[in-house]
Amino acid sequence: EAGVAQSPRYKIIEKRQSVAFWCNPISGHATLYWYQQILGQGPKLLIQFQNNGVVDDSQLPKDRFSAERLKGVDSTLKIQPAKLEDSAVYLCASSSLDREETQYFGPGTRLLVL
Amino acid sequence: DAKTTQPPSMDCAEGRAANLPCNHSTISGNEYVYWYRQIHSQGPQYIIHGLKNNETNEMASLIITEDRKSSTLILPHATLRDTAVYYCIVRSWSGSARQLTFGSGTQLTVLP
Chain A
2 EAGVAQSPRY KIIEKRQSVA FWCNPISGHA TLYWYQQILG QGPKLLIQFQ NNGVVDDSQL
62 PKDRFSAERL KGVDSTLKIQ PAKLEDSAVY LCASSSLDRE ETQYFGPGTR LLVL
Chain B
235 DAKTTQPPSM DCAEGRAANL PCNHSTISGN EYVYWYRQIH SQGPQYIIHG LKNNETNEMA
295 SLIITEDRKS STLILPHATL RDTAVYYCIV RSWSGSARQL TFGSGTQLTV LP
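Note that the protein sequences, when read in sequence, are chains A and B.
Counting along the first sequence from 1, when you hit position 113 you're at 114 in this note's numbering, and nothing is skipped either side.
Counting along the second sequence from 1, when you hit position 42 you're at 276 in this note's numbering, and nothing is skipped either side.
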C-alpha cells in the first residue's frame with residue numbers, strides 16, 4: 002500500500018513570497034489533515050478535511066494560509082505572503098472513516114523562509 | 235493547556251525494554267490515550283491506543299493505571315531503530331477535542 006505522498010520535500014523562499022505544498026493521501030482515505038511542525042515542537046493541526054469539505058480549520062491563519070481539496074483526493078496548502086515564522090515542516094496525514102484513530106503521515110515539506 | 239506530561243528524554247540499552255511514562259491526571263471518562271512516535275526527518279507514526287484496558291500489538295504494549303491518570307508505553311526489546319520522539323496524546327471523540335494535540339514528547343535514545 003502506497004503511503005501519503007508530499008511534494009516538494011524542501012522549499013526555500015524569501016519573506017512575502019508565496020508557496021504551495023501538495024499532498025496525495027492513501028487511496029480511499031476520506032479524511033485529510035495538514036499539520037505545521039515548528040522545530041523542537043510537536044505537530045499542530047492546521048486544517049482537517051473529510052472528502053472535499055472542511056471539518057476543522059480553527060487553527061489555520063486564514064489571512065495568509067489557504068487549503069483546498071477540490072475532488073476529495075489530493076490537497077494543496079498555500080501560504081501567501083510568507084513570514085519568517087512560517088519556517089517549519091508541513092505534514093500531511095490521512096485516515097479512513099472506519100479507522101479514524103490511526104492517522105498516516107507523509108514525510109513532510111520542510112519550508113525555510115528567509 | 236497541556237493534557238499530558240512526559241519526561242523530555244530517556245535512554246535505553248539495545249535489547250532491553252523501554253518503558254515510557256505519561257501522566258494524564260485530568261483525563262476524562264471518554265478520552266483515549268494514544269501513542270505516536272516520530273523518527274528523525276519522518277512524519278509521526280501511530281503505535282497504539284487504549285481507553286482503560288491494557289493493550290498490546292506487534293509494536294508495543296500500553297499499560298494504563300486503574301485510575302487512568304497515567305500510562306506506560308512498553309517497547310519490549312528496543313532496537314536502534316526505535317530511537318525517536320514518542321508522543322502521548324489524550325483524545326476525545328467529540329467536537330474539537332477529536333483532533334490529535336501533540337505535546338513535546340519524550341526523546342528516546344536507544345544505545346548500542
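Derived from the structure by calculation, the hints contain no laboratory data.
On a predicted model such as this, the values are computed, not experimentally measured, just so you know.
Built from N, CA and C at the ideal position, the CB exists for glycine as well.
Incorrect hints may appear among the rest.
[Stated by the list, open to error] Quick partial rundown of chain B residues pointing at chain A, CB under 10 Å, derived from the structure:
(1) MET244
(2) CYS246
(3) ASN264
(4) HIS283
(5) TYR321
(6) GLY337
[Claimed, not checked] Taking beta-carbon pairs under 7 Å as the criterion, some of the chain A residues facing chain B (in silico):
(7) TYR11
(8) ILE39
(9) GLY43
(10) PRO44
(11) ASP99
(12) THR103
(13) GLY107
(14) PRO108
(15) GLY109
(16) LEU112
Going through the hints against the structure:
The interface hint given for B:MET244 is violated, since its Cβ lies 17 Å from the closest Cβ of chain A, which is over the 10 Å cut-off. Nearest Cβ of chain A to the Cβ of B:CYS246: about 21 Å, over the 10 Å cut. The hint is violated. The interface hint given for B:ASN264 is broken, as the beta carbon of that residue sits about 14 Å from the closest beta carbon of chain A, more than 10 Å. Because the smallest distance between the Cβ of B:HIS283 and any Cβ of chain A comes to about 6 Å, under 10 Å, the interface hint for this residue holds.
Interface restraint check: B:TYR321 against chain A, minimum CB-CB distance 6 Å, threshold 10 Å, status holds. Look at B:GLY337: its Cβ gets to within about 5 Å of chain A, closer than 10 Å, so that hint holds up. A hinted interface residue such as A:TYR11 counts as satisfied when its beta carbon comes closer than 7 Å to some beta carbon of chain B; here the least separation is about 11 Å, so the hint is violated. Hint on A:ILE39 is violated. Least Cβ distance to chain B is approximately 11 Å, over the 7 Å limit.
Taken as an interface hint, A:GLY43 checks out: its beta carbon lies about 3 Å from the nearest beta carbon of chain B, inside 7 Å. The closest approach between the C-beta of A:PRO44 and any C-beta of chain B is roughly 5 Å, which is under the 7 Å cut-off, so the hint is satisfied. Here the hint on A:ASP99 is broken, as its CB sits about 14 Å from the closest CB of chain B, past 7 Å. Interface hint at A:THR103: satisfied, since its Cβ lies 5 Å from the closest Cβ of chain B, which is below the 7 Å cut-off.
Here the hint on A:GLY107 is kept, as its CB sits about 5 Å from the closest CB of chain B, short of 7 Å. With 7 Å as the threshold, the beta carbon of A:PRO108 comes within range of chain B, its nearest partner Cβ sitting at about 6 Å, so the hint holds. About 6 Å separates the beta-carbon of A:GLY109 from the nearest beta-carbon of chain B, less than 7 Å, and the hint is met. Here the hint on A:LEU112 is broken, as its CB sits about 14 Å from the closest CB of chain B, past 7 Å.
Checked against the numbered hints above, the structure breaks hints 1, 2, 3, 7, 8, 11, 16 and satisfies the rest.
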